[in-house]
Amino acid sequence: MAALDASEIGGVAEAPSRRRGMGPVFWLAVGWIAFIILIAILANLLPLADPSKMTLLARRAGPSAAHLLGTDSLGRDVLSRLVFGARSSLAVGLLAPLLGTLAGGALGLLAGYFGGRIELIIIGLTDVLLAFPPLVLALAVVAYLGPSIVNLILVLGILTVPAVTRVARAATLAVRERDFVTAARALGASHRRILLREILPIVMLPLSAFFLVLVAVIIVAEGILSFLGLGVPPPAPTWGSMIAEGRDNLDVAPHIAFFPSIAMFLTVLAFNLVGDTLRAVTDPKRGTS
Amino acid sequence: MSGAALLEVEDLTVELPTERGPLRAVAGVSLSLAAGRTLGIVGESGSGKTMLSRAVLRLLPHAARVTGRVRFEGRDLYAISREALRRLRGRELAVVFQDPMTSLNPVLTIGSQIAEALREHLGLAQAAAFARAVELLAEVGIPEPERRARQFPHQMSGGMRQRVAIAIALSCEPKLLIADEPTTALDVTVQAQILDLLAREQSKRHMALILITHDLGVVAGRTDEVAVMYAGGIVERAPTRALFKSMRCPYTQALMAAIPKLHAPPHTPLAAIGGSPPDPTRPPSGCPFNPRCRYAQERCRCEPAALTPPDASGHQYACWFPVGDPAAAEG
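Taken in order, these protein sequences are the chains called A and B.
Just so we're aligned, residue 1 is where the first sequence starts under my numbering, counting upward by one.
Just so we're aligned, residue 1 is where the second sequence starts under my numbering, counting upward by one.
Keep in mind that the hints were calculated from the coordinates and are not lab data.
No experiment lies behind these values; they were computed from the predicted model shown.
Heads up, a few of these hints could be off.
As the list claims (entries may be wrong) - A short, non-exhaustive set of chain A residues, derived as facing chain B with CB atoms under 7 Å: (1) Gly124; (2) Glu177; (3) Phe180; (4) Ala186; (5) Leu187; (6) Glu198; (7) Pro201; (8) Ile202; (9) Pro206.
As the list claims (entries may be wrong) - Here are a few chain B residues that sit away from chain A, every Cβ distance over 10 Å (derived from the structure): (10) Thr102; (11) Arg294; (12) Pro310.
Yeah, the Cβ is synthetic: ideal placement off N, Cα and C, and Gly gets one too.
The task is simple: from the sequences and hints, build the whole structure.
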């Protein structure tokens, strides 16, 4: 017994599952996300051409020293538009899920923890929202309110609320009956304290993994809306609108649609990879002991 | 008995609605406990021990129907407001749960979990609460408390976690501690340490203790009084010494016989209690133990036996045909 105790006190073994599934691919994905976020933030400081400056003499030019990724059908620098496009794509892609996760997380926690009538109302409302085809709803709302980046974030954010609510509620239900919650109640913790201190830290794990997956979904959704002309209004570039503009020139200048597509593809893939890895790691079924 | 009762339970009944009808988890239990005393509650799985302890703390599921009265220092716990109850829990009444693997929050550090109650009830500031948490860890016998306080539950062994759970329960100096099978989930070698720790802290703090267990052996040397539960009711209750001198209920006797004996010859079959506890949604008529009792007679099958009034040694039992020699109990 003494030996056992000593070994336990001496050094606590690093949980092996922490590192499981986080190979080079995961770190490449994290690196790409960091890179995209960095260039989006520093876009103004980078030595780039003005993304709206048209050089009509050099329309649909292929990659060259002057325009590393070529120019689009109006002679605008594709690289520059790609970097500035990352701004709007990421702004929408991060802020909309953030909004949805905050609202949905709060609703899901309340529904899962209190149950009863509160749960019935919250789940009923999210069911109603889920019953609308999401893209059609987004189209309708953006068409009605007018395309702007704020409207886009609001609409896409609200659309993510039901899914987040469900994830948060399911996680809360699983935690609510655990002994340590009963123990907290037995020690006189208030509902607020139990929700914020005991349950939220645990529900945070699946929620943050889900958030990353949502980012990927929303970047695509923003692309689709921009492609349809209901995204961020021109001339501000977004990846979706760049693909839409490049569509007409696919035969003569495929690079115009190709580069933004690749950027979007890699970014969505990276968010999905990171989200899936984190979800697998935080999945209790795969945990140790 | 010394002084007025700290905890008084009067005819407490808990019914839980199930698909098969109401499940009577606790059936008319009365008991009282004076400050600083220890009561052992013994019974096999499903006998209602845990439900009784939860009912005392008003920690039952919302659907549970509770009748009877639970009085703590004269206050009816089922009549006071939720807020008043919340202030009482943890401050005056504390619990240690069975499984320290699940009763600690896996994502919070040990120190912050102990500090939680201190900040909530005693209004200590963060730094002061943390310092007190470290002291408490040292008091419950955890080496390097400063370092341990910054660790998470998964970095500790079961015995250590139970010590942490005890530290949390003791943090606000409660007057009554309910330990619900505190050693069942632990290694045998750690069991005695935890029980000793509980006994030591109890006498140091002059705290009343309810020790719930399925093991009569655990209760033997460590309690002032023992209540034996079966099918939600108390079937025998006596000062510990009197009980172990003479067990009057066949059920208590059978529980005792089920403890493996150290000096029995090898290959002695273990005496198990035949059959299983009654289905609590369909209790048998008469004495609930009658289908498994080898002394059962006609009267046991139709008429439930009530607890007898306490005899000279304070011994009470619910049995029509008590076993054992009453004379042995005196002396």
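We went through each hint and held it up to the structure:
Among the interface hints, the one on Gly124 (chain A) is violated; its C-beta lies about 21 Å from the nearest C-beta in chain B, farther than the 7 Å criterion. Annotation: Glu177 (chain A) was flagged as interfacial toward chain B, and the flag is violated, the nearest CB pair being 9 Å apart, outside 7 Å. Annotation: Phe180 (chain A) was flagged as interfacial toward chain B, and the flag holds, the nearest CB pair being 5 Å apart, inside 7 Å. Taken as an interface hint, Ala186 (chain A) checks out: its beta carbon lies about 4 Å from the nearest beta carbon of chain B, inside 7 Å.
A hinted interface residue such as Leu187 (chain A) counts as satisfied when its beta carbon comes closer than 7 Å to some beta carbon of chain B; here the least separation is about 3 Å, so the hint holds. For Glu198 (chain A), the suggested interface contact is upheld, since its CB lies about 6 Å from the closest CB of chain B, less than 7 Å. The closest approach between the C-beta of Pro201 (chain A) and any C-beta of chain B is roughly 4 Å, which is under the 7 Å cut-off, so the hint is satisfied. Among the interface hints, the one on Ile202 (chain A) holds; its C-beta lies about 6 Å from the nearest C-beta in chain B, closer than the 7 Å criterion.
The restraint placing Pro206 (chain A) at the interface with chain B is violated, with a minimum CB-CB distance near 12 Å, outside the 7 Å limit. Annotated as non-interface, Thr102 (chain B) brings its C-beta within 10 Å of a C-beta of chain A; the closest such distance is 4 Å. No beta-carbon of chain A comes within 10 Å of the beta-carbon of Arg294 (chain B); the shortest separation is about 38 Å. At roughly 31 Å from the closest C-beta of chain A, the C-beta of Pro310 (chain B) stays outside 10 Å, upholding its exclusion from the interface.
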